[in-house]
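Residue numbers (my numbering), protein chains in the order written: chain A, 1 to 250; chain B, 1 to 250.
Hints are computed from structural coordinates only; laboratory data are not their basis. The model shown is predicted, which means the values in this text are computed figures rather than measured ones. Every residue, glycine too, gets a C-beta built ideally from N, C-alpha and C. Please note that the accuracy of each hint is not assured.
What the hints assert, rightly or not - Derived pair list, reagent style PhoX-like, types lysine-lysine, alpha-carbon separation capped at 20 Å:
hint, chain 1, residue 1, chain 2, residue 2
1, A, Lys145, B, Lys249
2, B, Lys25, B, Lys192
3, A, Lys85, B, Lys211
4, B, Lys25, A, Lys174
5, A, Lys174, A, Lys145
What the hints assert, rightly or not - So, partial list: chain B residues that the calculated Cβ filter (under 7 Å) puts toward chain A:
hint, residue
6, Ala44
7, Arg57
8, Phe62
9, Leu105
10, Thr130
11, Phe131
12, Thr184
13, Ser187
14, Tyr201
15, Arg224
16, Arg226
17, Pro231
18, Gln233
19, Thr237
20, Val242
21, Phe250
Residue-level listing of the chains:
2 protein chains.
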Amino acid sequence: MEILITNDDGIYSEGIFALYDSLRKAGNVTVVAPDTQRSAVGHAITLTDPLRVTEARRRGKFFGYATSGTPADCVKLAIRALMKKKPDLVFSGINLGANMGYNVLYSGTVSGATEGALFGIPSIAVSLDTFIKPDFRCAAAFAVKLASSAARNRLPAGTLLNVNIPAVPAGRIKGVSVTRQSRTLFSDRFDKRTDPHGQTYYWLTGSLNQKDASPDSDLTAVSRNRISVTPLQFDLTDYKFVTELENWKF
Amino acid sequence: MEILITNDDGIYSEGIFALYDSLRKAGNVTVVAPDTQRSAVGHAITLTDPLRVTEARRRGKFFGYATSGTPADCVKLAIRALMKKKPDLVFSGINLGANMGYNVLYSGTVSGATEGALFGIPSIAVSLDTFIKPDFRCAAAFAVKLASSAARNRLPAGTLLNVNIPAVPAGRIKGVSVTRQSRTLFSDRFDKRTDPHGQTYYWLTGSLNQKDASPDSDLTAVSRNRISVTPLQFDLTDYKFVTELENWKF
């Protein structure tokens, strides 16, 4: 099995190392990832600049291709220019921090997997629900299980899996829940500050504004120490509103 | 009516000027847009850098706020830091080039409107289907009609409108179609080149790989010289696949 790994925390992050070490048990792994952190880049791609590719090393050995692009760029570059064979699976992660609710719209991790699904390849985004002292072992082990599940079963063309792992030791994981994207928003605000040269700047901050505690949401599953697996698709059409919209007088 | 305008082509682009001149007939307009081109940034937001805001002038007069951020950043900044009142409507555009099919995933224009919808504000993305010698008049006039339609009718919370305008004179527009996002993909490829210093770089290119000519698609409408209005939403859950996924052995 040919497996492509990307992420948005950058090719030298602990999360991608853990995923790589684990997925090597499942197949032949190629890593193509951003040369630096690209969090919250959403589904950005690079059109107006050239992309650079360098070889990244780990413990003195070739590890993968570091690119100047976004996770979506990395997947395109891997498939169209760097890999000899089209991958059978695309993994993105393991991300530092969960990607649940409307945050999936901003997530570079999810967009790496979305790009794989746009190529018709079974694709999986994996995120760990912590920013502090991450232990990726449980997430990495689950990724191997998922690789084998995805090979055995069939993901419909255009569907990807968004996986969020609770940050607790393996023994405290209560199971796996198939969930839906929760309706949970951040309440944004901006810190308005002055730089050393007297100029104003703004810095985005904010906290999670929990709104969706229903039993089938991704957030609920993770808060109950369950692994959340959400199937996502990328036809954004609001079919329920089409008929009403047809009655608008334009 | 308080109207916020953003775009992804940058605050000094002809498309945003045309939209501004037109929407001033419908309400009090505030412009907050990127200080330079941010095409294909998707739903990127800026977390690891501060955001700068400068006053942009046009014909010697204050025109709006130019920011160092993405369209989504601009909408957040406008609502949380720059505008005194929350806007009643958010417009994004007029974009140079259509945003149809899976391209909506990459579109900074659409993400500006998505961000408005995330705030619960009726939001509309407007794009013109050409990159060459654009005439924005028809698109700008339709935006005013839409502003009044959106005020009269009600967009459900979490739904935005993605509008694509054929690049033909007003007299040749055949009408308005409510459409769905087409399943149309680009066939990407990379030009592999060598820079003047002997280093390799890659540049993304490709052409539209038309796959979805069904009568209700956005692409079909525009190809028939009809204005395409697609309702979009941002719950990406693939509800149809949930039950099958629950049968996977994880």
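Measuring from the C-beta of B/Thr184 to each C-beta in chain A, is the shortest one below 7 Å? violated (11 Å)
Between A/Lys145 and B/Lys249, does the CA-CA distance stay at or below 20 Å? Satisfied, since the Cα-Cα distance of roughly 9 Å is no more than 20 Å.
Taking the closest Cβ pair, is B/Phe250 under 7 Å from chain A? holds (4 Å)
Just to be careful: measuring from the Cβ of B/Val242 to every Cβ in chain A, is the smallest value less than 7 Å? Given a least distance of 6 Å, the restraint on B/Val242 holds.
For the restraint on B/Arg224, tell me whether the closest CB of chain A is nearer than 7 Å. violated (16 Å)
Chain A contact restraint for B/Ala44 - C-beta distance below 7 Å: holds (4 Å)
Straight-line Cα separation of A/Lys174 and A/Lys145 no greater than 20 Å? Holds - the C-alpha atoms of A/Lys145 and A/Lys174 are around 16 Å apart, at most 20 Å.
Hint validity - B/Phe62 Cβ closer than 7 Å to any chain A Cβ: violated (17 Å)
Any CB of chain A closer than 7 Å to the CB of B/Arg57? violated (18 Å)
Return the status of the interface hint for B/Thr237: holds when the least beta-carbon distance to chain A is below 7 Å, violated otherwise. It holds, given that the least Cβ distance between B/Thr237 and chain A is near 4 Å, below 7 Å.
B/Ser187 was flagged as interface toward chain A. Is the shortest Cβ-Cβ separation under 7 Å? violated (9 Å)
Assess, step by step, whether the Cα of B/Lys25 is no farther than 20 Å from the Cα of A/Lys174, and give holds or violated. Cα-Cα ~58 Å, so violated.
In this structure, the earlier hints numbered 2, 3, 4, 7, 8, 10, 11, 12, 13, 15, 16 are contradicted, and the remaining ones agree with it.
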